[in-house]
Amino acid sequence: MKERLQKIREEAIQKIQSSDNLDKLNEIKVAVLGKKGELTEVLKGMKDVAAEDRPKVGQLVNDTRAAIETKLEEMKKKLSEMERELKLKNEVIDVTLPAKKNNVGHRHPNTIALEELQRIFVGMGYEVVEGPEVEYDYYNFEALNIPANHPAKDEQDTFYINDKIVLRTQTSPVQVREMEKGKLPIRMIAPGRVFRSDEVDATHSPSFHQVEGLVIDKNITFADLKGTLAQFARELFGEDTKVKFRPHHFPFTEPSAEMDVSCFKCGGKGCRMCKGSGWIEILGCGMVHPKVLKMSNINPEEYHGFAFGIGLERIALLKYEIDDMRLLYENDTRFLKQF
Amino acid sequence: MNTPLSWIKAYVPELHVTDQEYTDAMTLSGTKVEGYERLDKNLEKIVVGQIVKLEKHPDADKLVICQVNIGTETIQIVTGAPNVFEGAIVPVVLDGGRVAGDHDGHKTEGGTRIKKGKLRGIESNGMMCSIEELGSTRDFYPLAPENGIYIFPEGTPVGADAVEILGLHDTVFEYEITSNRVDCFGVIGIAREAAATFRKPLVLPEVKTTGNSEDVNSYISVEVEDKDLCPRYCARVVKNVKLAPSPEWMQRRLAASGIRPINNLVDITNYVMEEYGQPMHAYDLSTIAGNKIIVKRAKDGDEYTTLDGQVRKLDSNVLMICDADKPVGIAGIMGGENSMITEEVKDVLFEAACFDGTNIRLSSKRVGLRTDASGKFEKGLDPNNAGAAIDRACQLIEELGAGEVVGGMVDVYDNKKQEKKIKFEPEKYNKLLGTDVSKEEMLEYFERLEIQYNEADNELIIPTFRQDLECDADIAEEVARFFGYDNIPITLPSGEATAGKLSFKMRVEAVARDIAEFCGFSQGMSYSFESPKVFDKLLIPEDSEIRRTVNILNPLGEDFSIMRTTSLNGMLTSLATNYNRRNKDARLYELGNIYLPKQLPLTELPEERMQFTLGMYGDGDFFTMKGVIEEFFDKIGMRDKPEYSNEDKKPYLHPGRQADIIYDGRVVGYLGEVHPIVLENYDIGDRAYVAVLDMPNILPYATFGRKYQGIAKYPAVTRDLSMVMPKNILVGDVEKVFEKRGGKLLESYNLFDIYEGAQIKQGYKSVAYSLSFRDKERTLEEKDIADIMEKILKELKEKDIELRSL
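Line order of the protein sequences matches chains A and B. Per my numbering, the very first residue in the first sequence carries number 1; after that it's consecutive. Per my numbering, the very first residue in the second sequence carries number 1001; after that it's consecutive.
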């Protein structure tokens, strides 16, 4: 009996060791430990064993079973690992094959520039508002201290619908509409389409966009205007950006200025983009003219304000180095995809 | 405005600056320098030489060999110039020097380097120069020969710097003068700014009394009928005019300012116009009938020939200068052919007047003639300047010996323009600027600007040439300019904090952009105005509301003449552009307004409606488009199922592939395949799909509020329904039955198969749905849904929809 068990054990372990897959291992398990397996057969023969030997033999059988099971388990683990290894090996892919993309669309460069501006000014506490694109002559001109017969009202600049209604030539009328609401203080920007009677070419378009800014409060100063726009320029063009304010003239601001920023391409050394000057003209601004405040029922003795106007296309063209304004309105997807 | 720096320095003699310093400082004080050009650009090693000996070249007929004394030595130069002679004093560029151009007047970038060499075997050690080679023209140097070497006058010091002698060490500056600074359209105005900017004294030309003992009133009388258009009219007379070229210095200044010298008389009027910014006119006195000038309006329909020979149509708002019988010039715009100065002129009538700027501007537009003079008048000139200018002109006449000036001036000037007075309030200026400039410093700025301070009344007295100074803010700007915009501190607004935000509309639009782009659409932008022809291209019927448009009175041509009432044309034009450029497929969207008149003709502003327009060709179909819309609705909280109706047919869309988009019973947009004829009209050779959402109709339903609904704990029971139905029944109708009969327990339904063809009888289709039922509180059992299914099936059957299998 002992020899038989020994034999079963040796043979089983030998078979287990030489098996090379999990199926075979299972067959061995059934053949040895199954209902009709060899070891089970031995157990069935226990009734022939003398009663006093039974515990001993029983112990022997159990040891044999335990040994075989341990071996089986050991082998099973080893084979599983091997199989997983093999599977992983067979599943190698060419990671340089093309990606499966969603082909997400692209935002217009004007909008990207506008969102940048909005982000900056909203962060400074400005509300973004809108006004009509077809506008009363009063809001577009008169209320902005551009009286009838002012050269800026010349037909060559303004599109007229009739003698009272025009296509707004600037976003400044939104200033007046906000001031008229009578809610002070005001911190707003107003982006939008504006129209001027310019023939289409590489640098002109009869329709383009501006972003108007207006701050009205007690104690607002020209120094505040400088500080605000300097911060804006740094956020838009980079921390090292320098600004320069030059006196200028606009009918609805006094004092007025134009702001240049240090060229963000050459850093101010002078290049093609800044025409060698190191500076790029970015916007017009100034302190709101007392006449404009008065017309909008704001007391200029009590309140001051500043305003600025930014050409959105100008920012987009400069920032993204687009050399022809017409590209912005052709909507060629090969152009749009670059943004 | 272009002016040589030498002319400015004539009035600011202590001004010593480099071109760049001048540019920067003037620009920062408000007189913007657009650019400058050095007249001695690329001129190097050029001296005055004298030809001491001249011989023929042995081997070339057209060349001569010159021995030229250049002060330090005598050098040999071979030249082909025809006008050289022994004793001639000439500009000589030495070996290694540089000239600006060739003798044809063509300038070379960087100039031309001159080296010694041999000409037909004879050594030549430099070059004698023409005025063109020196980078200039005969307009600047009228005495220069038309073809040949420039010859200096006798006595010019040999060996001296020729460029210096020619006055070419000068720079022409170009200024951008803003419309409010009328005074700076004259050299004196700019000189005043320069003097104030650099804190140097301003020395103006001294205008002396001129004229003989005669009285101008015996030569001419002036009557101004329309005083509203002519606040001042000054006239003086010059007898026995001697036409001749004006002196070189005057010609050079005019040429540098871009004005071609003609003769002393014309040059003097132009010179004074540049200097004082006051246009002048000269009439041939013999053509003035009745020795009388009458300033009055023309009559409607009048015609008049200006001195350029053109016949001009006039109207009763055009101011004319007339004599006793006839018009002799259009006031402020151009003189007449019938009174112009000719070679035969003997006596001249000088006019310096002030006309109403707006009238001149409008007249010049209607007459169709804009001149240097009208360009100045239309800005509104200072009438006090006119008298000074005409006296200056007469002084120049005398100095140049151009004629005999008659004593006195006819001056029709009823309401003399008075100086404005503004209260001096330094603390206000500082408060507006955020500065702390002392009162004394401010007064110092003002003094340099000729603004006087009356201490007794604490008033600033504003000179009449500064019409732009009207209020505190204007004065504050003067302080800022001379304190320096650069020196104003940098601060941020104090005061109450405000919340920065986008409007709700903008936030919804931002989601529209995100979704469109996520679905592969790129953002386009098209013009708000278009051609009225687009309606025909879009097959829009003649009587359609869409054809009622807001029209532009003065469009850039018909193609940009109406404000769009539909966003489709812009989209289809953009798709066509992409198609024509062979882009395989294109997906575009636009967020832009259409403009709908509330009534025509327009009395109030049109309604501007934001349209979210999508368009595509290539990949994708109707249902792709539908998917974008539903994604968008979902993201802006429009969670009800939109309905689609194809009842209202749009002519520009495929009749069988279009639908109105209905939300909560309201049409909020439409989508469809573009009609093949429209595609043809736009030259798009592929099927194209569009969708238009009317944002004002969407906004009331949009919300960014969200509420968590819980995640189902109990399992769903699903039933698959496979049906056969006539083809014309819409699956939407089937879904309506589910919605109506499904009750609370019906959680969702999902179409998983639709089929026509073999096995299905002609005219029918097979449609399969999976219905899912669920209760939040418990696990459903078979019997819970049996009732519901029965109701659904019953109603389907009534609609001629049969079950294939369950």
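Since the hints were derived computationally from the structure, they do not count as laboratory data. Quick reminder that beta carbons are idealized off the backbone N, C-alpha and C, glycines included. Hints may be right or wrong, so weigh each one.
Computed footprint of chain B on chain A, listed as stretches where at least three residues anywhere in the stretch have a Cβ under 8 Å from a Cβ of chain B [what the hints assert, rightly or not]:
{"no.": "1", "region": "97 to 104"}
{"no.": "2", "region": "121 to 127"}
{"no.": "3", "region": "203 to 215"}
{"no.": "4", "region": "228 to 236"}
{"no.": "5", "region": "322 to 331"}
Status of the hints after comparison with the structure:
1. Coverage of the region 97 to 104 of chain A by chain B holds. Counting CB-CB distances below 8 Å, 3 residues qualify, and the rule asks for three or more.
2. With 7 residues bearing a CB less than 8 Å from a CB of chain B, the region 121 to 127 of chain A meets the requirement of three and the coverage assertion stands.
3. A stretch counts as covered by a chain when three or more of its residues have a beta carbon under 8 Å from one of that chain; for the region 203 to 215 of chain A and chain B the count is 3, and the coverage holds.
4. Counting residues of the region 228 to 236 of chain A whose beta carbon lies closer than 8 Å to any beta carbon of chain B gives 3, which reaches the threshold of three, so the coverage claim holds.
5. Only residues whose C-beta sits within less than 8 Å of a C-beta in chain B count toward coverage, and the region 322 to 331 of chain A has 4 of them, enough to reach three; the restraint holds.
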